[in-house]
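S.K.: Read top to bottom, the protein sequences are chains L and R. Per the numbering used here, residue 1 is the first one in the first sequence, and the count goes up by one each step. Per the numbering used here, residue 1 is the first one in the second sequence, and the count goes up by one each step.
Treat the hints with care, since some could be wrong.
Non-contacting residues of chain L with respect to chain R, defined by C-beta distances greater than 12 angstroms in every case (computed) [claimed, not checked]:
(1) 174
(2) 180
(3) 186
Calculated lysine to any residue pairs in the SDA-like style (CA-CA distance at most 25 angstroms, straight line) [said to hold, decoys possible]:
(4) 123(R) / 183(L)
(5) 81(R) / 127(R)
(6) 58(L) / 91(L)
(7) 135(L) / 124(L)
(8) 58(L) / 5(L)
(9) 123(R) / 87(R)
(10) 58(L) / 175(L)
(11) 123(R) / 159(L)
(12) 89(L) / 123(R)
(13) 81(R) / 154(L)
(14) 180(R) / 123(R)
(15) 135(L) / 180(R)
(16) 123(R) / 124(L)
(17) 135(L) / 58(L)
(18) 58(L) / 82(L)
(19) 123(R) / 52(L)
(20) 135(L) / 270(L)
(21) 81(R) / 175(L)
(22) 123(R) / 141(L)
(23) 89(L) / 180(R)
(24) 123(R) / 84(R)
(25) 81(R) / 57(L)
(26) 89(L) / 230(R)
(27) 81(R) / 12(L)
These are calculated hints, taken from the structure and not from any lab test. We put the beta carbon where it would ideally sit given N, CA and C, even for glycine.
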Amino acid sequence: MQVTLQTLVGGLTLGAIYALVALGFSLVYRTMGLVNFAHGQVAMIGAFTMSTFYMTAKLPFVLAIGIAVVVTAVLGLVIERVLRPLEGKDFDLMLIGTIGFGVMLEALAVVVWGATGRAVPSPLHTAPLSVAGLKIQTYSLLVLVVALVTTAMLVGFLHRTRVGAAMQAVAMDPEAATSVGIHVGRSNAIAFAIGAGLAALAGGLAGPMLYVNATLGSTIGIKGFAAAILGGFGNITGAIVGGLGIGVLDAFAAGRFGGYSDLVVFLLFAVLIMVRPTGIFGERTVNRA
Amino acid sequence: MSTDTDRAVAAGTLQVQNLGVRYGGVTAVEGSSFEVAPGECVGIIGANGAGKTSTLKALMGLAPRTADALRLGEVDLARVKARHVVRHGIGYVPEGRHVFGGLSVRTNLELGAHSRRWDDQAKATLEEVYTLFPVLRDMRERLAGALSGGQQQMLAIGRALMSRPRLLLLDEPSMGLSPKLVGEVLDVLQVLRGRGLAMLLVEQNAWLTFEATERCLVMQNGEVVMTGRSADLRHDPAVRRLYLGL
């Protein structure tokens, strides 16, 4: 029981990271109908940027993550701007374009930060909390709280602000949105920037938990993607639930199957998706191809 | 709605000369010319695929178009981006309503005013829309997608009115509605007409068009084949045979 709960806590923490990645995937998808295959690599760039400012420039952890979020948000804007001419013309090319950006970013990371990667020390040095015999790392708590607060802020932005409402309108009906005067391109750009910022937040938070190297993007990218699909692609709540679900699944599989854990996680994922193709909170999906 | 002075809107005549709409190799509209004067209500009738919807989309900049002239008063609409058309006083009620189903009725209406500042005047417009469609006030916190077809139509019209247009483009507002609801739509159009709002109404329901408009264009295969006073066209044997099924 104790071990089970301990694994659960670890799974939820990692799951919070996946959830943040999934949020970015879903936000861009629901706004543009586009899967940004460079999303994981953007998270990786975020992790490296954070590590540079935190470890090399010796800035506080929070500030380093903040800088990483801003840097990658700009990166997101650049990606969207380069791909924009393809919107509504050739959707397949746009998808391939995101894959291209992913490959490029990974290569760029090797050039800038080297191929070996780096371990990032935890910013919190307090002893683990003991709750009912469980040891909970304070950093785990921090990650969970940040993920929850971020989600709440995103939901608030989408539902309580004019820009957020306009973005949702674009997601639902780009043509009707245009006719009331909404700038669809700008809305897409904002979605991309926020998505990239979320990726950097995920990457930055993952830094002290996982080893930061150029392939970090594929690792958390694919899990985050699976999380988004499991929750119901495009659904904000689904991204969180899917992320935590994949994280927990991951943790238990790692304990039981060791090196085969990814295989088990994705087999189970495949079965779940076969049973419920729309995901847990599956809703109407955008199709603008 | 016609008395506002908050926006520099050219309350001019809509002039369309030799309009063409082509999707790839398919011609939807060719050589169509017409005018809509300020405060005038004009209908476009014609069979399915005659180019009615494409004509409205072309005016909104939502379809690829060519024209010798496409003007609203002093404004050259041919040079206006689709998202800016609404700023020149044109409101659009698309075919099939196209409300933002996952957002509340109130948010849908607020988005209708996206091109303007959300100020006291915009709030006053919202009140006007609620007065015109009391059902929307009652349902304002509901998701638009949960409304009935008739309510969604009212919402689509209300959303277009939120921009305080001078010219309203309506595409098939009667589509899928019961005869009673079609009557309600007509009542609303009559009220708007009474306020001096110009309208371009595309309809398959010829009865509604003749009731709501002064003049009508008859389109066939992408061309305007006939124009005339609605009262005359109503009794024209050719029109009756073609579009009223009589």
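S.K.: So, for every hint listed, does it hold in this structure?
M.R.: Verification of the supplied hints:
no. : hint            : in the structure
1   : 174             : violated (10 angstroms)
2   : 180             : violated (5 angstroms)
3   : 186             : violated (9 angstroms)
4   : 123(R) / 183(L) : holds (22 angstroms)
5   : 81(R) / 127(R)  : violated (30 angstroms)
6   : 58(L) / 91(L)   : violated (43 angstroms)
7   : 135(L) / 124(L) : holds (15 angstroms)
8   : 58(L) / 5(L)    : violated (36 angstroms)
9   : 123(R) / 87(R)  : holds (18 angstroms)
10  : 58(L) / 175(L)  : violated (48 angstroms)
11  : 123(R) / 159(L) : holds (19 angstroms)
12  : 89(L) / 123(R)  : violated (38 angstroms)
13  : 81(R) / 154(L)  : violated (30 angstroms)
14  : 180(R) / 123(R) : violated (30 angstroms)
15  : 135(L) / 180(R) : violated (68 angstroms)
16  : 123(R) / 124(L) : violated (50 angstroms)
17  : 135(L) / 58(L)  : violated (29 angstroms)
18  : 58(L) / 82(L)   : violated (34 angstroms)
19  : 123(R) / 52(L)  : violated (50 angstroms)
20  : 135(L) / 270(L) : violated (33 angstroms)
21  : 81(R) / 175(L)  : holds (13 angstroms)
22  : 123(R) / 141(L) : violated (44 angstroms)
23  : 89(L) / 180(R)  : violated (42 angstroms)
24  : 123(R) / 84(R)  : holds (21 angstroms)
25  : 81(R) / 57(L)   : violated (47 angstroms)
26  : 89(L) / 230(R)  : violated (41 angstroms)
27  : 81(R) / 12(L)   : violated (48 angstroms)
In this structure, the hints that do not hold are numbers 1, 2, 3, 5, 6, 8, 10, 12, 13, 14, 15, 16, 17, 18, 19, 20, 22, 23, 25, 26, 27, in rising order.
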